[in-house]
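Undergrad: Sequence:
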Amino acid sequence: MSYKETRIAFLRVAVIHDALLYMGGAERVFSAILRLYPTADVYTAFLVPELRGWVSRYTSGNVFVSPFDRIPYIRRFADWFKPAILFWWESLDLSSYDLIISSSHSFSAKSVIVPDGVTHVSYVHTPPRYMYNEYNESRWTRHPLVKFLLKPVFFWMKKKDYIAAQRPDVIIANSKTVQQRIKRYYSRDSVVIYPPIYVPPKAVLRDRKPTYFLCVSRLVKQKGIDLAIRACDELKLPLVIVGTGPQEAYLRSIAGPTVIFLGFVSDDKMAEAYRKARALLYCSRDEDFGMAPVEAMAHGVPVIGYSSGGVRETVADGKTGTLFSRYSASYLEQSIKIFLMRSWSAEACRRQATRFSERRFANEFIKIVSRVLNQKEKL
Numbered sequence: 015m016s017y018k019e020t021r022i023a024f025l026r027v028a029v030i031h032d033a034l035l036y037m038g039g040a041e042r043v044f045s046a047i048l049r050l051y052p053t054a055d056v057y058t059a060f061l062v063p064e065l066r067g068w069v070s071r072y073t074s075g076n077v078f079v080s081p082f083d084r085i086p087y088i089r090r091f092a093d094w095f096k097p098a099i100l101f102w103w104e105s106l107d108l109s110s111y112d113l114i115i116s117s118s119h120s121f122s123a124k125s126v127i128v129p130d131g132v133t134h135v136s137y138v139h140t141p142p143r144y145m146y147n148e149y150n151e152s153r154w155t156r157h158p159l160v161k162f163l164l165k166p167v168f169f170w171m172k173k174k175d176y177i178a179a180q181r182p183d184v185i186i187a188n189s190k191t192v193q194q195r196i197k198r199y200y201s202r203d204s205v206v207i208y209p210p211i212y213v214p215p216k217a218v219l220r221d222r223k224p225t226y227f228l229c230v231s232r233l234v235k236q237k238g239i240d241l242a243i244r245a246c247d248e249l250k251l252p253l254v255i256v257g258t259g260p261q262e263a264y265l266r267s268i269a270g271p272t273v274i275f276l277g278f279v280s281d282d283k284m285a286e287a288y289r290k291a292r293a294l295l296y297c298s299r300d301e302d303f304g305m306a307p308v309e310a311m312a313h314g315v316p317v318i319g320y321s322s323g324g325v326r327e328t329v330a331d332g333k334t335g336t337l338f339s340r341y342s343a344s345y346l347e348q349s350i351k352i353f354l355m356r357s358w359s360a361e362a363c364r365r366q367a368t369r370f371s372e373r374r375f376a377n378e379f380i381k382i383v384s385r386v387l388n389q390k391e392k393l
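Position 169 (the sequence shown) corresponds to 183 in the numbering used here; numbering is contiguous.
Since the hints were made in silico from the structure, they are not lab data. One or more of the hints may lead you astray.
Claimed, not checked - So the derived label-pair ranges between C-beta atoms look like this: (1) 333 / 234: 28 to 36 Å; (2) 24 / 341: 46 to 54 Å; (3) 365 / 162: 49 to 57 Å; (4) 340 / 24: 50 to 58 Å; (5) 74 / 378: 18 to 26 Å; (6) 217 / 270: 32 to 40 Å.
Said to hold, decoys possible - Calculated cross-link-like contacts (lysine to aspartate or glutamate; reagent style EDC-like; alpha-carbon spacing at most 16 Å): (7) 351 / 331; (8) 351 / 247; (9) 235 / 300.
Glycine is no exception: its CB is placed at the ideal position from the N, C-alpha and C atoms.
Take the sequences, apply the hints, and build the full model.
TA: Next up, the structure:
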């Protein structure tokens, strides 16, 4: 072990994540970072009981949660408390650490103030969508009256968010799409490190005649599951939907007889779902990165996706899937018809997915951390 590797191994590390309210893509990146620093302390604004044991599996360090988490029912209204939580982030005493790693997709974790001599690496999944001109699920923020009333608050939040983004020694973007947003809103350069995707060590044996199309997603409006349902209903094609979320009741109400909802599915059963799938339908709008398409390709499954955001960086159009350019059921239907007229290589899909593997993430992340620690200057 070299001097540099020894130094990194004995670093005192804190990993800071916005909130641990549910399991999503950002939380999977958070766990991948903890695997690299398994003795790191963790700081987060909220932590649901269901994820407390999950965090403990990845680190032997202490877990610190904001005092806001003790307020009854606050987790339901967490977004409303973000301005107040900012002051908790800024008040944290992080002087006992050598390295701070923040994982942020909201108005929070990257705001921490670190003392001189402490390195701060910030992994940004996206600048806060509701504060900028990006698609978001917070429909109330788009109401004209609400926008007018909250204009002074958002002005203050944007200013604080900009200041916070100047603090890290290096910002890591989870895609080129997010890298462009960081430059646009924060006037900062960043380094792209794509999120880690598990690629099975051996090629997955697929059914010779896969039977259905597949959606794997949280059931929220941004993900466009309704588009997939309408297209498959029109073409009378079987569709299997994996995932849960607030739109589930609505989506069930518009689904025809060829649509099946599986809800939450374990990893073992997920592999079985991919094995029988003809293609993944991915209709998410303005996606930051999009893990599901890469996971599908890792299992040899091609992707039919909406050409937006990070999907344009992960799916090789014409080789590992096909992308449709206009957000409408008719364009998706046309894309499905084109897909069905061609043959697709499971091996090509798998090769594409290896570009986003867990090992690649670990190597690139450690390399950036080592570089900024040794140079001790902003990148």
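Undergrad: Each hint: holds or not?
TA: Hints, verified against the model:
1. 333 / 234: 28 to 36 Å: For residue 333 and residue 234 the Cβ distance comes to about 29 Å; the hint holds.
2. 24 / 341: 46 to 54 Å: 50 Å, holds
3. 365 / 162: 49 to 57 Å: 51 Å, holds
4. 340 / 24: 50 to 58 Å: For residue 24 against residue 340, whose Cβ atoms are near 54 Å apart, the range 50 to 58 Å holds.
5. 74 / 378: 18 to 26 Å: Since residue 74 and residue 378 have Cβ atoms about 25 Å apart, the given range 18 to 26 Å holds.
6. 217 / 270: 32 to 40 Å: Holds - the Cβ-Cβ distance for residue 217 and residue 270, about 34 Å, lies within 32 to 40 Å.
7. 351 / 331: 15 Å, holds
8. 351 / 247: The given pair, whose Cα atoms are some 14 Å apart, holds under the 16 Å limit.
9. 235 / 300: 12 Å, holds
Against the hints set out earlier in the document, no violation occurs for any number.
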